[in-house]
Amino acid sequence: AQKITQTQPGMFVQEKEAVTLDCTYDTSDPSYGLFWYKQPSSGEMIFLIYQGSYDQQNATEGRYSLNFQKARKSANLVISASQLGDSAMYFCAMREPGGGSNYKLTFGKGTLLTVNP
Amino acid sequence: EPEVTQTPSHQVTQMGQEVILRCVPISNHLYFYWYRQILGQKVEFLVSFYNNEISEKSEIFDDQFSVERPDGSNFTLKIRSTKLEDSAMYFCASKKQGASTDTQYFGPGTRLTVL
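Line by line, the protein sequences give chains A and B. Its first residue numbered 31, the first sequence is counted upward by one per residue in our numbering. Its first residue numbered 4, the second sequence is counted upward by one per residue in our numbering.
Bound conformation, chain A alone:
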C-alpha cells in the first residue's frame, strides 16, 4: 500500500521569506504522481502543483515549486516570498500508481503553515 508522510505538523515563517514543507512517499511502482493542495481555515481544498514521476524537471507554479528527489522519494513544496494569505493547512497527496485516468488520491496528514507579519 502506498503511503504519504508529512513529518511537520506545524511550521512558522516570516512574511516574505521562503519555506519548505516536507513530503516523503512510499511506492514500488515507477509510475505515480504527486500533488500539493492548500486548505485555508474556510475548509476548501485548493490545488497548487503537480509532479509526475517521469517529469524531467521540477514543477513550478508561480511562487510554488516542488523539490522532487526521486531517489529519496521526497516531494517537498517550496513557497517563496511567503504572504499572510499563505497561512493554511498544506496536504501532500499521491495518485495511486497504475490507476490510469481514474485514480484515487492518498493524502498525508498535512502541515499547518503560519506566516507571521
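Since the hints were derived computationally from the structure, they do not count as laboratory data. Cβ coordinates follow ideal geometry from the N, Cα and C atoms, glycine included. One or more hints might be untrue.
[As the list claims (entries may be wrong)] Subject to a maximum C-alpha distance of 35 Å in a straight line, what follows is the list of computed DSBU-like cross-link-like pairs (lysine-lysine):
1) A:K139 / A:K100
2) A:K139 / A:K46
3) A:K103 / B:K86
4) B:K86 / A:K139
5) B:K81 / A:K139
6) A:K103 / B:K99
7) B:K86 / B:K60
8) B:K60 / A:K103
9) B:K45 / A:K103
10) A:K139 / B:K45
11) A:K33 / B:K86
12) B:K86 / B:K99
13) B:K99 / A:K139
14) B:K60 / A:K100
15) A:K33 / B:K45
16) B:K81 / B:K60
[Unchecked claim] Label pairs and their in silico Cβ distance ranges:
17) A:Y84 / B:V15: 45 to 51 Å
18) B:K81 / A:Q44: 43 to 49 Å
19) A:P147 / B:E4: 28 to 34 Å
20) B:T16 / A:D56: 35 to 41 Å
21) A:Y84 / B:I41: 32 to 38 Å
22) B:S76 / A:A48: 38 to 44 Å
23) B:N77 / A:N88: 37 to 43 Å
24) B:T16 / A:E45: 37 to 43 Å
25) B:D74 / A:F77: 24 to 30 Å
26) A:Y94 / B:S84: 40 to 46 Å
Using the hints, position chain B against chain A.
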C-alpha cells in the same frame, strides 16, 4: 473559472437520519469522487464514479453509503442512516477525461454534524 460546487455548506442531522450531500462537478468533467475528512485528520477516499457507475470504493464506503448522478449536472452522496462517526467534512472532486496527470478539482466541502 469553472469550479466544483457543493450544497449545503453545513448539515446538522440526528443519528439515524438520512442525508443527501449534493455536488455539481465542473461541466466537462467525467470522473467524480467523494472524499471525507474527519476533524483534525487526513483526507480519505470514499468512492470514484465514472460512466454512471462506481469505479472503486474504499472500505469506509459500506452499504449505508450510495452515490448517484440523477441528471447531467448533479452528483450526490447519500448516507442512509447516519452514525456519530459520520461527522466529517465531505469533499466532492471531479476530473476531466484524459491523462492520469489531470488534476482532481475539489469543491468547498460540506460539513456534516451528526448529533
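Worksheet item: Do D74 of chain B and F77 of chain A keep their Cβ atoms within the hinted range of 24 to 30 Å?
Response: holds, 26 Å
Discussion item. Next pair to validate is K86 of chain B with K139 of chain A; report whether the Cα-Cα distance is within 35 Å.
Written reply: holds, 24 Å
Worksheet item: Within 28 to 34 Å or not, the Cβ separation of P147 of chain A and E4 of chain B?
Response: holds, 29 Å
Discussion item. With the threshold set at 35 Å, check whether the alpha-carbon distance from K86 of chain B to K60 of chain B stays at or below it.
Written reply: holds, 19 Å
Practice prompt. Would you mind confirming whether the straight-line C-alpha gap from K45 of chain B to K103 of chain A stays at or under 35 Å?
Written response: The hint holds at about 20 Å.
Worksheet entry | Verdict for Y94 of chain A, S84 of chain B (Cβ pair) under range 40 to 46 Å | Given range 40 to 46 Å: holds, Cβ gap about 42 Å.
Worksheet item: Hey, K139 of chain A versus K100 of chain A, does the alpha-carbon distance stay inside 35 Å?
Response: holds, 21 Å
Worksheet item: Does the Cβ-Cβ separation between T16 of chain B and E45 of chain A fall within 37 to 43 Å?
Response: holds, 41 Å
Worksheet item: Using the C-beta atoms of S76 of chain B and A48 of chain A, is the stated range 38 to 44 Å upheld?
Response: holds, 42 Å
Worksheet item: Between K33 of chain A and K45 of chain B, does the CA-CA distance stay at or below 35 Å?
Response: It holds: about 12 Å lies between the C-alpha atoms, which stays within 35 Å.
Worksheet item: When you check the alpha-carbon spacing of K103 of chain A and K99 of chain B, does it fall within 35 Å?
Response: holds, 28 Å
Worksheet item: Taking only the CA atoms, is the gap from K60 of chain B to K100 of chain A under or equal to 35 Å?
Response: holds, 29 Å
Taken one by one, the earlier hints fail for this structure only at number 3.
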